[in-house]
Amino acid sequence: MLKDIENPTSSNVCIAAVHELNKEGELVWNVYIINKKEITIEGILVMSKGYGEIDGESRQTSTLRHFIEKIEPGNFSKVEPLPDVLLDFFNEYFITYYVGSVLFDKKFVFEPYSINGKNSAFIESIGQNGILLS
Numbered sequence: 468m469l470k471d472i473e474n475p476t477s478s479n480v481c482i483a484a485v486h487e488l489n490k491e492g493e494l495v496w497n498v499y500i501i502n503k504k505e506i507t508i509e510g511i512l513v514m515s516k517g518y519g520e521i522d523g524e525s526r527q528t529s530t531l532r533h534f535i536e537k538i539e540p541g542n543f544s545k546v547e548p549l550p551d552v553l554l555d556f557f558n559e560y561f562i563t564y565y566v567g568s569v570l571f572d573k574k575f576v577f578e579p580y581s582i583n584g585k586n587s588a589f590i591e592s593i594g595q596n597g598i599l600l601s
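Sequential numbering of the sequence shown, starting at 468, is according to our numbering.
Calculated directly from the structure, the hints in this document are not laboratory data.
Treat the numbers as computed from the prediction; the structure is a model and nothing was measured.
Don't take every hint at face value.
[Said to hold, decoys possible] For lysine-lysine, the following DSBU-like pairs were computed, each having C-alpha atoms within a straight-line distance of at most 35 Å:
| hint | residue 1 | residue 2 |
| --- | --- | --- |
| 1 | K490 | K503 |
| 2 | K545 | K573 |
| 3 | K537 | K585 |
All chains should be modelled from the sequences, with the hints used to inform the complete structure.
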């Protein structure tokens with residue numbers, strides 16, 4: 468029976484943290500989801516949370532949920548800004564999405580201190596420098 472259950476593997480959907488100017492002209496980190504597939508993904512749910520230690524005490528942020536209706540092939544969508552105070556936390560993004568009627572999911576985790584300018588590289592899909600997890 469278990470052998471009959473499909474467990475599709477997510478591929479060509481990525482998360483990126485990009486350092487860019489906001490509307491107020493301040494440099495902030497924004498998190499994006501990128502669809503590198505050749506097909507539209509739909510019904511996208513992104514759950515995000517941060518966790519780590521501050522002064523030896525365990526801390527965790529609230530879990531946020533973002534819904535994106537669809538992302539066309541080769542396109543991207545902004546998920547949320549990432550405040551500087553959370554850059555020294557683990558920042559976890561759990562994504563579920565549909566391709567046709569098949570549900571896919573994948574978890575991405577930015578390690579503490581990994582989101583910084585030194586780790587940035589050009590992300591062709593977005594056209595800016597950032598940190599890409601795939």
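inquiry  = Hint check: K490 vs K503, CA-CA at most 35 Å. Holds or violated?
reply    = holds (27 Å)
message = Holds or violated: K545 and K573, Cα atoms, limit 35 Å.
response = holds (17 Å)
query = Regarding the pair K537 and K585, is the alpha-carbon distance no greater than 35 Å?
reply = holds (32 Å)
The structure shown violates none of the earlier numbered hints.
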